[in-house]
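Assemble the complex: chain A is given as a structure, and chain B must be docked to it using the hints.
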Amino acid sequence: MKKLLKLEDFSELIKDGDKLLVGGFGLSGTPLSLIDEIAISGKKNLTIVSNNLGEKGKGLGKLLVSGNLKKAIGSYFTTNADAVNAWSKGELEIELVPQGTLAEAIRCGGAGIGGFYTKTAVGTKLAEGKHQMAFDDGEYILEKAIKGDVALIKALKADTFGNLIYDQTGRNFNPVMATAARLVIAEVDEIVEAGEIKPEEIVTPHLFVDYVVVTKYVKQGGRYVEPTTAN
Amino acid sequence: MSQQQRIKIAQRIADEFEDGQIINLGVGIPTLIPDYIEGKDVYLHSENGLLGMGPTPEEKSVNMDLISASKQPVTVETGASIFDSSDSFLMIRGGHLDVAVLGTLQVDETGEVANWAVPGQNILGVGGAMDLVAGAKKIIIATMHTSKDSTPKLLRKLTFPSSGIRKVNMIVTEHAVFEFKDEKMFLIEVLSDISLEKLKDITPANYEVSIKKLVRA
Numbered sequence: 001m002k003k004l005l006k007l008e009d010f011s012e013l014i015k016d017g018d019k020l021l022v023g024g025f026g027l028s029g030t031p032l033s034l035i036d037e038i039a040i041s042g043k044k045n046l047t048i049v050s051n052n053l054g055e056k057g058k059g060l061g062k063l064l065v066s067g068n069l070k071k072a073i074g075s076y077f078t079t080n081a082d083a084v085n086a087w088s089k090g091e092l093e094i095e096l097v098p099q100g101t102l103a104e105a106i107r108c109g110g111a112g113i114g115g116f117y118t119k120t121a122v123g124t125k126l127a128e129g130k131h132q133m134a135f136d137d138g139e140y141i142l143e144k145a146i147k148g149d150v151a152l153i154k155a156l157k158a159d160t161f162g163n164l165i166y167d168q169t170g171r172n173f174n175p176v177m178a179t180a181a182r183l184v185i186a187e188v189d190e191i192v193e194a195g196e197i198k199p200e201e202i203v204t205p206h207l208f209v210d211y212v213v214v215t216k217y218v219k220q221g222g223r224y225v226e227p228t229t230a231n
Numbered sequence: 232m233s234q235q236q237r238i239k240i241a242q243r244i245a246d247e248f249e250d251g252q253i254i255n256l257g258v259g260i261p262t263l264i265p266d267y268i269e270g271k272d273v274y275l276h277s278e279n280g281l282l283g284m285g286p287t288p289e290e291k292s293v294n295m296d297l298i299s300a301s302k303q304p305v306t307v308e309t310g311a312s313i314f315d316s317s318d319s320f321l322m323i324r325g326g327h328l329d330v331a332v333l334g335t336l337q338v339d340e341t342g343e344v345a346n347w348a349v350p351g352q353n354i355l356g357v358g359g360a361m362d363l364v365a366g367a368k369k370i371i372i373a374t375m376h377t378s379k380d381s382t383p384k385l386l387r388k389l390t391f392p393s394s395g396i397r398k399v400n401m402i403v404t405e406h407a408v409f410e411f412k413d414e415k416m417f418l419i420e421v422l423s424d425i426s427l428e429k430l431k432d433i434t435p436a437n438y439e440v441s442i443k444k445l446v447r448a
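Residue numbers (the numbering used here), protein chains in the order written: chain A, 1 to 231; chain B, 232 to 448.
Because the hints were derived from the structure by calculation, they are not lab data.
This structure is a prediction, so every number in the text was calculated from the model and none was measured.
Some clues are possibly wrong.
Stated by the list, open to error - Computed from the model, here is a short list of chain B residues facing chain A with C-beta under 7 Å:
| no. | residue |
| --- | --- |
| 1 | Gly280 |
| 2 | Leu281 |
| 3 | Asn294 |
| 4 | Ser316 |
| 5 | Arg324 |
| 6 | Glu340 |
| 7 | Gly359 |
| 8 | Ala365 |
| 9 | Pro392 |
Using N, Cα and C, we set each Cβ at its ideal position, and we do this for glycine too.
Just chain A, same shape as in the assembly (with noise of 0.2 Å):
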């Protein structure tokens, strides 16, 4: 398979300073195994566009400890205390975004669309400084579409071309990230032999994808682990 890329392999497509799309929602979704990578890589002052920070210490949270952002952009991050902690020390900056308006810019960016004009967030303080107009039914604002250096991206399996399908609602926001970004990325549980997944079945096209890894994580109980504390 001519995409597969070995997990040890994968930091060094990374730059410092690089805008890297996340996919997942809390930890939903979320490529844990490569933002592991990220963490004990060394990276610097990566951006972040993801929904949220993981948790505490978990997916996209690691990143905080090992100090590799310098910013992060997303929806909600109030959950995570050392992103709430980070941020007041002057250690993070974040761009709070409403998360329609994040899904939106995304899907733009990776379809050709500059910006677009939403009626979400009329007249509150996110709307402060971006243009606004009013159209035939109401006042609507500009927001600019949003790419990446990079998209990190969490599907349950590949076919050997690349080809994806997401478990449940950890699909989230992977599909638009997957066709946003410069270099595209996507952890997977499996991979299939082409054929195996259905075209009516496949979420993401396989010309959005450039490397496909195989996770680290193990999924017991529901819940991914690390295989060290796997039994």
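Using the frame of chain A, we list chain B on its own:
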């Protein structure tokens, strides 16, 4: 007592649902509502990409890649569908949801809502609150009538940051149900043994009394 009051609010809001409706339930009191919709043919939408959300699974069936917007494990009902975040918010923003039930910090007398940030505290989380306020066809606010320290939440003017210019349609508290029409607030039901005078005392917002029925608890 407080939990009983929260359940009363949840039950009253469930009464509002009609068969066939697509409904999104926010965090807080709205998460109690699924226990009171049995027999109603409604479909629960979860912002993280699920239509047809079912109840909490048994521990042995938990999959943390099948969760609610509150990040709790859930199940799927027959006929459920799963989609990505951009389609999920297309549904929310595009007016495809019939009802959103949201918690709140404050509502003003025109129906403008503040439910995401408190002045003087870190503003680091908004989630899907503003998208739901902007896009759902009907917005019902589920809230205790005052905050824990008895500070009023139903005000003449918001003192906390607004969640958007779109006005809500209804407020249900442990004491009363209010409806909004043309940015005016109407008291339509009393749900507790509170007197109208006392209700007025804890409700700085101006409202007209237009009681259709008295439902004393």
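Original post:
Which numbered hints are broken by the structure, listed smallest first?
Top reply: 6
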